[in-house]
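Colleague: Chains as they are written, first to last, in the working numbering: chain A, 1 to 444; chain B, 1 to 523.
Errors might be hidden in some of the hints.
DSS-like mimics (lysine-lysine), calculated; alpha carbons at most 30 Å apart, straight line [stated by the list, open to error]:
#: 1; chain 1: A; residue 1: 389; chain 2: A; residue 2: 368
#: 2; chain 1: A; residue 1: 17; chain 2: B; residue 2: 463
#: 3; chain 1: A; residue 1: 62; chain 2: B; residue 2: 113
FYI, nobody ran anything at the bench for these hints, they're computed from the structure.
Take a look at the letters that make up each chain.
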Amino acid sequence: MRYLPLTIEDRRAMMAKIGVSEIDALFRDVPDGAIAPLSAFNLPDTQGELEVDRALSRLAAKNIAAGSAPTFCGAGAYKHHVPSAVDHLIQRSEFLTSYTPYQPEIAQGTLQYLFEFQTQVALLTGMEVANASLYDGSTATAEAVLMAQRVTRRSKAILSGGLHPHYAETVETVAGLFGEMKRVPVTPGSAEDLIALIDEETACVVVQSPDVYGLIRNLRPIADAAHAKGALLIAVVTEIVSLGLLESPGAQGADIVAAEGQSIGNGLNFGGPYVGLFATREKFLRQMPGRLTGETVDAEGRRGFVLTLSTREQHIRREKATSNICTNSGLCTLAFTIHMTLLGEEGLSRLARLNHAKAVTLAALLGKLDGVQVLTPAFFNEFTLKLSKPAAAVVDVLAAKGILAGVPASRLGGADDLLIVAVTETATDEDMAALAAALKEILS
Amino acid sequence: MSLNNQGRPTGAGSAEMASTPTTISGDRGLDHEEKLIFELGHGAVGVDLPDVKVADDRLGGMRRNGAVGLPGLSEPETIRHYVRLSRKNYAIDSGLYPLGSCTMKHNPRLNEKMARLPGFGDLHPLAPASATQGALGLISELMKWLTTLTGMPAVAMSPKAGAHGELCGLLAIRAALEARGEGHRKRILVPESAHGTNPATAAFAGFTVDEVPAKPDGHVDADALEAKLGPDVAAIMLTNPNTCGLFEPRVKEMADAVHKAGGYFYCDGANFNAIAGKVRPGDLGIDAMHINLHKTFSTPHGGGGPGAGPVVLSERLAAFAPLPLLVHDAKGFRLVETRAEAPEGAQPFGRMCAFHGQMGMFTRALSYMLSHGRDGVRQASEDAVLSANYILASLKDVMSAPFGDGPCMHEALFDDSFLEGSGVTTLDFAKAMIDEGYHPMTMYFPLVVHGAMLIEPTESESKESLDRFIHVLRSLALEARAGQTARFEGAPHYAPRRRLDETLAARKPVLRWKPDVLKEAAE
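Using the sequences plus the hints, can you model the full thing?
Modeller: Shown next, in the form of C-alpha cells:
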C-alpha cells in the first residue's frame, strides 16, 4: 500500500523488539471475539491512484459544476472567482499539513495569518475584536445566541424571518435548549416588526442583512430598541462581499456579528467546509467562543503570536468553557485572508460594486418578463422573484437545459412560487440573457 | 582556510566565523522576519476588476460611509508574504509530528486533487437534485464505508468536527430520552481522562457532568462507573481506545451496565485509528460515536481545521439523526431537508448546521478509503499500533511509562517522573525537541498522569524515521537525567522564535493590528 512505509521485515524486527510474535498480541485487551475478520467488512480492497481517480472523477462528472453553467444559486453560498494564488498558497505543505498552533515557536506562520484574519474580520464588520473562526455562518450564529444568553443572563431570542432558515434551525437546535427562540414570520421583500417584540426577557434579536430573500435591512433602529431593553443585537451576514459596499453591522450598533466567509477565498464545495466569522465588542471578550490569537514577544524581545485567553476554552475549562469548539476552519481562514489581501480596499470595493451592478441589471431584465415580479426593493447581489409557476419545477426544467436558475424558496420552507436569484461577478451578459430567455419560454 | 578553484572557501568554518553576527536585515538566512500585511500595504491591488459606478437607489440607504481600512498588496507581494509565513511552520510533510490524540498521518495528495474536481469543489449546495447525483452518491458511498467499518446501522453526516459530532450524538440521546418520556435524565458520566471537549459538549447540550476516576492501571474504573449509574443518568461518554492509549478491556461490561440502567453509550472516536478495519465499535455496545475524518481518514489538519465529524448511530438512536437525511428512491438520491418530508419513523432532533456537512472532507476521506481498501485500513491500524509499541518498548527504560507493563494501542504515554530532580522541566524537554527538528508530543494531557507526554507516531513513519526519533528522545532523556541541562534551558534556540511570553499575551490582549494613532489613543 503506497502510503504505508513499513515493510514486512520492518514489522518483524519491530515485533521482536517489543517481544511479541504476532500483531494481535498487541490487541490483547480487546474482548474475545471482537476482533473482526477482514471478511466481516464488505468493502473493496486496495486500489491504485489511477483507479481511485477514475472512480471519483466519474461521480464528479454527474454533477453540474457552477462554473460550467450559467449559475444564479445563492441563499447562503455564493459562486465567486477565487484568484489562482489563493489555492496555490493554501496547498503549501507547511499550511496544509500542520496542526493547531499549540507550539508557537514553530507555528508563527499559522499564528500570524490568524492575527491578520482577526484584524480583517474586525475591520470588515466594524467590530472591535474577532476570533480565529468557527465552523460556518450558521454555527457562528448559534454560538452568538448562546453568548448573548450568557452576557445578558436571559434566555429568549427573537429571530427575524429573514434569517436563513437553516441558520434559524441551527440556532433553535442548540440555543433552543436553554430558552425560547421566537421566529417572526416575514413577507419576502419587506421587513417584519421586530422592535415591538423586544422585552425585558429578551437576550438578543437576530437579524440577517441582506436577508435570505436578498433585502438590505437597516439595523440601527433595532439595535437602539434592543439596547433600550438591555438586549443585544446579533447581525448575521451570509454574503460577506456585501460589506464592501454596505454599511458595516458595527456602525449600525450590532453587538455581535456572525457571518459566513465562504464568498472570499473559498469554493462552493457542496456546502462545506466554509468559514464562520465571529466578531464582537471588546467588553464581551471573555464571553467569546473559539480560539483567539494575540500578539506578544519572545525571549529575545521579538514580536510573535500565540493562542491566548484560552481559559475560555474546552481544553482548559472543560464543562465551564464558553463553547465546546476545538477544530475550527483553519485553512479556510487562510484562503479568506489571502483573497482579502489580494483584494485590498480598492479590490473589495470594486468587487462589491460589480456584484451589485450585475444584480441591478439582471433584476431589470427579469422584471420585464411576463409572469415574473421582483419582490426585493433594496438588494446587494441577490433578490427574490415571484413566478407564475412553482419555482422548484421551473428550476428543474432549467437545470435540464444547463442553467442553474436559483434556489426555490420552497427548498427552505418558503412559498412555492418564489425563486431566490443571486448574481455575482462570475455571471456574464450572455448568462443573464440565457436565464431571461429560458424563464420567458417556460413562463409564457 | 582552503579555497576551491574559483576562490570560494570550501571549509566548514573557521575561528573567525564562530560568533554569529547579527544581520543588517534582521533576517537569518532562509528565516525572514515578516511584517503584517497592514504594515506592508501601500495601495497596490492584487486583482484586476472594472471600476463600475453604482447608484444608491437600490441600496436602501445603507451604502457604506468611509473605508474599511484594508491594506493593498499586489499578487507578487502577497505570494511572497504568505510563502515566508509558511516557512515558519512545522508540518507533517516536513517531519514526524507525534501529537498524541491528533493522528498526524500522511495527507495523500490524490485526496486534494479529488476534492478540487469541479463537480465536487464547484458544486452549489442548493443546486437541484438532478444536478448533484454524483455528490449525493459520493456521500452515500462514504456512509456505507463508515457504517461498515463501525458495524453501526446509521450515520449522521453533517457535523463539522469532532466536538460538533459529540454534540450531535448527545442531542440524539437527548431526543431519544425525551421520546421515551425520560427527559429528566440529565447526568452524563465522563472519565477524568476524557478530552476537554467531552465535558464541554455535555454542558453545551444541557447535561450535567459527573466525573469517573481512572484506575492506577490507566483504565476507566468500571466498578466506579457502574456504581454511579442510576435513573437520572442519560449516558456514559467514553473514549476507546482511551486517552492513555489503552483499550478498555471492560468496555462491553460497561455498555451492558449503562443499557441496563436505561442510558446510552457515547464513544469519543478520536482514537479510531488504532482499531479501524479490525474492531467494530458496534460489536462493543456503542450507541453513538463520532469519527474525525481529519484524524483517522487523513483529511489535512490545515493549521486547526477544517475537520469533519460524522456520527455513527445504533438502532436505538438512528431515528433521531438530524436533518438533512439522504434518501434514495426511484428518481435517485435526494436530500430530505424538513421534518415534514421525513420518512416514516424518522424523528430528526433538529439541524447541526446550514447545508449538509463537510463535502470537501468527505471527498478526501473516501479517496483515502478507496485507496487503502479494507485491507489497507486494517494494515494502517496495525502499523499505527505497532509503531507506538515500538516507541514504548524503545524508550520505557529511560523515560517513565506509567502503564508500560503491557502493550499500548496507537499512542504511547509517558509521564515526567524521569525528569524529577534533573532540573529539566517537562516543558523544557518538549521545547528541546523543537531544536532537534521535531514537533513535541502532546503535553500535560491526559490529566490523569503527572506531566503527561503522549506520543502518537501514526502508521506513516518508516522504521528508519522511528529509530532516529527514538535515538533523539533517548539521548535527550539520558542527558536530562545526567543533569546536563544546557540544551534544555531556554529552548528552543533554533526555531523562528524563542519561547513566547504567553502571560503577557493574556494579561494585555492585543488581538488585532491597529494603526499607531488608534493604539496611542487606546493607551
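Colleague: Take the hints in turn and mark each one as holding or not.
Modeller: Hints, verified against the model:
| no. | hint | result |
| --- | --- | --- |
| 1 | A/389 - A/368 | 16 Å, holds |
| 2 | A/17 - B/463 | 12 Å, holds |
| 3 | A/62 - B/113 | 17 Å, holds |
Every hint, counting from the list given before, is met by this structure.
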